[in-house]
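**Student:** Just so we're aligned: 485 in UniProt numbering is position 485 of the sequence shown, and the numbers increase by one with no gaps anywhere.
No wet-lab data here; the hints were simulated from the structure. Please note that the accuracy of each hint is not assured.
[Unchecked claim] Ranges of calculated distance between the beta carbons of each label pair, as one might list FRET restraints: (1) Y507 - A343: 52 to 60 Å; (2) A405 - T506: 47 to 55 Å; (3) R86 - P435: 41 to 49 Å; (4) R191 - P261: 20 to 28 Å; (5) A362 - W149: 33 to 41 Å; (6) W321 - V460: 37 to 45 Å; (7) V460 - G419: 19 to 27 Å; (8) A153 - E549: 12 to 20 Å.
Virtual Cβ for every residue (Gly too), placed ideally from N, Cα, C.
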Amino acid sequence: MPPVNSTRSGRVLEMPSSPGAMSHTESEAYGTSVTTRSASIDSHDNFLHARPALEPEPGMSFAAQFVRADTVRPKFLGGHMSWTARIGALFHYLSMKMLRSPLSSACVAMVLAGLFVLALTALVAEVRYLQDPDKALAPWRQYCAEEPWFVNADVESLAPVNYLVGVITVDEKFERRQVIRSTYASLTVPRHPETGQPLGNVRVMFVLGRPRKEYADRIALEMEMYNDMVVLDIKETQWSRKTYEFFRWAAENATVPVLVPHSSQSHPHYVNGTPYEVRWKMVDYVLKADDDTFVVLDELERRLRAAPRTLAYWGYKVADWFMSGELYALSQDLVQYIAHSPAVASSASRKEDEQLARWLEAHPRHRDIHWLSERCWVYDHPRATTPYAHGFLFPDHVEEIKAEALRGLSAKELARRGGPSKALSYSTTTRWKVPYTPPRADLTVEESVEALVEGGGRWVDSWYRTTRDPDSPRFVSRHDFLLQSFDERLGAKGEAALAWPRDAVTYDASTGLPVYAVPASHPASARGPSIGEPWGPSLFAHEDQLRRERYLNYTVGGTAAVHYLKRDMWFYETALAIVGHRRAWHRGSAANDWRMYGSPMIQPYSSTHHIIVQDAPRTHL
1 MPPVNSTRSG RVLEMPSSPG AMSHTESEAY GTSVTTRSAS IDSHDNFLHA RPALEPEPGM
61 SFAAQFVRAD TVRPKFLGGH MSWTARIGAL FHYLSMKMLR SPLSSACVAM VLAGLFVLAL
121 TALVAEVRYL QDPDKALAPW RQYCAEEPWF VNADVESLAP VNYLVGVITV DEKFERRQVI
181 RSTYASLTVP RHPETGQPLG NVRVMFVLGR PRKEYADRIA LEMEMYNDMV VLDIKETQWS
241 RKTYEFFRWA AENATVPVLV PHSSQSHPHY VNGTPYEVRW KMVDYVLKAD DDTFVVLDEL
301 ERRLRAAPRT LAYWGYKVAD WFMSGELYAL SQDLVQYIAH SPAVASSASR KEDEQLARWL
361 EAHPRHRDIH WLSERCWVYD HPRATTPYAH GFLFPDHVEE IKAEALRGLS AKELARRGGP
421 SKALSYSTTT RWKVPYTPPR ADLTVEESVE ALVEGGGRWV DSWYRTTRDP DSPRFVSRHD
481 FLLQSFDERL GAKGEAALAW PRDAVTYDAS TGLPVYAVPA SHPASARGPS IGEPWGPSLF
541 AHEDQLRRER YLNYTVGGTA AVHYLKRDMW FYETALAIVG HRRAWHRGSA ANDWRMYGSP
601 MIQPYSSTHH IIVQDAPRTH L
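Using the sequences and the hints, build the whole thing.
**Tutor:** Below is the structure:
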């Protein structure tokens, strides 16, 4: 038999040379084999040339039909079709592929489930966006204009409050804890703004979960060194479970030391000659703070002193239904409720600031809880780009804001601030979502801090200190300033100085510095030349005057907390601006008012380098 050509593929099929060489059964089998092979070759040829096969070939399985259908050239890849026709063809192509699949039902279910999940996620995201209070600038000027003044005199007759601040942190943040210890946590004795007398007592504790293995030893040493850490027996988390466990701890351990009349055989403490001993007293308030928040402990003590001692919830109210999580306070009775409520214990694993509001809603007397919101004097750091950020705020600028609200803004000024709505959030230092830029590049440390003050600070027009400023640096003679170990101007005379009279040296109670008084037994002629008056005005004298002006003669309260301090240097800026040098420096040391010539200096015009000592005095810089 001659070779047979396949009608579709054009391939040559070799047939036996003689039919007689096969039996009848073999002939039928051979014919079936030829037919099947021909169909297989045709199918392979369709696969190579991507031509449509409208009907399944005889003997093909369902899976083979699916593979063959998969090789069909889609219509949407053809030419001369509109985009809408291509999209329709693409949808039809994908639908047919899915329906031809052996797993078509599972694929359809999976696709529908995926679409449902995507739709649900989009819905939740949209709801969260609508509820998110951070999507628009906070009208902080409106808050300050509407909020009544906090008058210090109104709380003078009230007993000071004691409170504990729990700073929520994690094991690895050693540097951040050290910065907090060296700034606001070193000022745990609130003082009267004018007299400096101590008022109340505060404890600052760092709260963290179980430390990881690589930090365990260091955390143990840190606890032993500072005795200001609380390690909760929970896995580290940022949800409300950690806050809940902290309040459980605080319900039993939030105390401050107090002195009571001495009544035992232990070693007493003497105050004005009267023996006392230490006891511990439960605090009036427990505060939770984030580790990127700077708490002004003096101001907060006065705020809480004016608040009720029971059923009180203080903080920055957000969206009119919860206090923001960077800082809030609870009276002791509400802490006890949270610690012992079964309802609270069963729902302690959600977003903590919002969840706390839900816990208080479940309180049996939730309608009697005092919600005390502070939205003018709690804000984000000026370098932050958040909706709550603006310059460091003082009462003198808030007085201007209140006056603007009464008289209104001119059309020109309103336009400069971006219109009526943006004018309520206008800041002289901060732009939303825009990194902070100083007014000029060559500012000293003090000038750069002043540039962060809302309203412009001291150098709003020039942004540079001059030698005419009252606290500009002055040069003095080394001979006039420096006293030798046995200087005659201190009453010393030769080797006799080895035995100083007891009444010749006393120590200042506030700074611990020695105070030398020339003994009366020394004749005037033996006392040597006079030391003379202090050289120039004191740095503290000018700073005290500036702070008195900014706080309106200390009649009203100011900033209670600054949030979103994402860099350690921002803590130092806040301390210098809000607390001031006198309290920020170690013991307010008066010795830091002077600086020896040749010591390292970053800039020549810094208030911390007030007096510069050199061999020969100079009249200018």
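**Student:** Take the hints in turn and mark each one as holding or not.
**Tutor:** Comparing the hints with the structure gives:
1. Y507 - A343: 52 to 60 Å: holds (57 Å)
2. A405 - T506: 47 to 55 Å: holds (53 Å)
3. R86 - P435: 41 to 49 Å: Between R86 and P435, where Cβ atoms are some 46 Å apart, the hint holds.
4. R191 - P261: 20 to 28 Å: holds (25 Å)
5. A362 - W149: 33 to 41 Å: With a Cβ separation near 35 Å, A362 and W149 satisfy 33 to 41 Å, so the hint holds.
6. W321 - V460: 37 to 45 Å: holds (39 Å)
7. V460 - G419: 19 to 27 Å: holds (24 Å)
8. A153 - E549: 12 to 20 Å: 19 Å Cβ-Cβ, so the 12 to 20 Å window holds.
Hint check: no violations occur; every hint is consistent with the structure.
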